[in-house]
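**Student:** Sequence:
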Amino acid sequence: MLTWQVAAHGPLRALDERLGRAVASGGLPAGPAGFFADLGNTAVALPVLAAVLVWALWRGRRAARRRAADGGAPSRWWLPPLAAGLTAVAVPALVVPLKLWLARPGPPQMAGAAHEGFYPSGHGATAAVLYGLAALLLFRGRRRTTARRAVVPAVVAAVVLLNAVVGMGLVRRGYHWPLDVLGSWCLAGVLLAVWCAVCDRWSGGRRVVGAQGRP
Numbered sequence: 676m677l678t679w680q681v682a683a684h685g686p687l688r689a690l691d692e693r694l695g696r697a698v699a700s701g702g703l704p705a706g707p708a709g710f711f712a713d714l715g716n717t718a719v720a721l722p723v724l725a726a727v728l729v730w731a732l733w734r735g736r737r738a739a740r741r742r743a744a745d746g747g748a749p750s751r752w753w754l755p756p757l758a759a760g761l762t763a764v765a766v767p768a769l770v771v772p773l774k775l776w777l778a779r780p781g782p783p784q785m786a787g788a789a790h791e792g793f794y795p796s797g798h799g800a801t802a803a804v805l806y807g808l809a810a811l812l813l814f815r816g817r818r819r820t821t822a823r824r825a826v827v828p829a830v831v832a833a834v835v836l837l838n839a840v841v842g843m844g845l846v847r848r849g850y851h852w853p854l855d856v857l858g859s860w861c862l863a864g865v866l867l868a869v870w871c872a873v874c875d876r877w878s879g880g881r882r883v884v885g886a887q888g889r890p
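To convert a position in the sequence shown, counted from 1, into the working numbering, add 675.
Since the hints were made in silico from the structure, they are not lab data. Errors might be hidden in some of the hints.
Claimed, not checked - Here are the computed distance ranges between Cβ atoms for each label pair: (1) Arg740 - Leu687: 18 to 24 Å; (2) Phe710 - Met676: 27 to 33 Å; (3) Ala689 - Asp875: 37 to 43 Å; (4) Ala868 - Ala839: 15 to 21 Å; (5) Ala718 - Leu690: 32 to 38 Å; (6) Trp753 - Gly702: 47 to 53 Å; (7) Val865 - Val831: 14 to 20 Å; (8) Ala718 - Ala744: 38 to 44 Å; (9) Pro704 - Ala832: 20 to 26 Å.
What the hints assert, rightly or not - Capping the alpha-carbon separation at 25 Å, the derived lysine to any residue pairs in SDA-like fashion look like this: (10) Lys774 - Glu791; (11) Lys774 - Leu761; (12) Lys774 - Val827.
Keep in mind the model is a prediction, meaning the values are calculated, not measured. From the three backbone atoms N, C-alpha and C, an ideal C-beta is built for every residue, glycine too.
With the sequences and hints as input, model every part of the structure.
**Tutor:** In structure tokens:
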């Protein structure tokens with residue numbers, strides 16, 4: 676629906692641009708807003724995900740060896756990190772064609788930009804997907820202990836808050852319209868859901884964890 680409104684110059688797009696101008700000229704300090712917007716840069720988010728990928732590979736390999744020693748069923752322990760890497764690559768592969776196809780002009784602050792592709796937000800999608808994947812990898816397949824039940828909501832809240840401030844920073848600095856950010860979050864939701872479905876269907880980790888009772 677958001678993409679249709681942007682492409683068709685619908686009333687939601689007009690409302691979005693009024694809201695974007697109001698936020699860009701609002702009271703949020705520009706300095707912190709720029710810092711938050713930069714958290715959606717690939718140069719910032721990709722090293723975070725890369726570090727978690729290395730940890731997930733090490734942890735998955737170690738758990739696989741334990742299961743093999745105990746006579747447990749093998750699992751594709753490498754699938755979640757591999758799928759996470761491919762999902763990260765899918766972000767620009769999907770965002771760039773959408774930007775070129777829709778060619779939405781940016782906010783007034785971006786009038787001198789070299790292109791007119793601002794929907795969906797690449798920074799918004801990068802932050803949502805890469806930080807989301809990092810959080811999912813940290814807790815996938817771990818035992819449901821009391822400590823885990825306490826930590827998981829805190830991490831989820833932190834990721835949601837992080838993406839909220841990234842989106843607010845992008846709009847406040849005039850880099851994107853609000854719908855650009857919302858569209859990127861919708862795209863990120865689809866990609867994260869596909870990652871979860873692939874891992875649940877083919878990695879076999881959850882079934883083994885339930886049978887063996889170890890992380």
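**Student:** Does each hint fit the structure? Answer for all of them.
**Tutor:** Verification of the supplied hints:
At about 53 Å, the CB distance of Arg740 to Leu687 disagrees with the hint of 18 to 24 Å. Checked against the given bound of 27 to 33 Å, the beta carbons of Phe710 and Met676, roughly 32 Å apart, stay inside it. In this structure the hint that Ala689 and Asp875 lie 37 to 43 Å apart at CB holds, the actual value being about 41 Å. At roughly 20 Å, the beta carbons of Ala868 and Ala839 sit within the given window of 15 to 21 Å.
Range check, Ala718 to Leu690: Cβ separation about 33 Å, and the 32 to 38 Å hint holds. At roughly 48 Å, the beta carbons of Trp753 and Gly702 sit within the given window of 47 to 53 Å. For the pair Val865 and Val831, the beta carbons lie near 18 Å from each other, so the given range of 14 to 20 Å is met. Between Ala718 and Ala744 the CB atoms are about 41 Å apart, so this pair conforms to the stated range of 38 to 44 Å.
Evaluation of the 20 to 26 Å hint for Pro704 and Ala832 yields a pass: the beta carbon distance comes to about 23 Å. Using a Cα cut-off of 25 Å, the hinted pair Lys774 and Glu791 holds, with the two alpha carbons roughly 8 Å apart. Taking the CA atoms of Lys774 and Leu761, the gap is near 20 Å; set against the 25 Å cutoff, the hint holds. Between Lys774 and Val827, the direct Cα distance comes to roughly 34 Å. Violation of the 25 Å bound is thereby established for this hinted pair.
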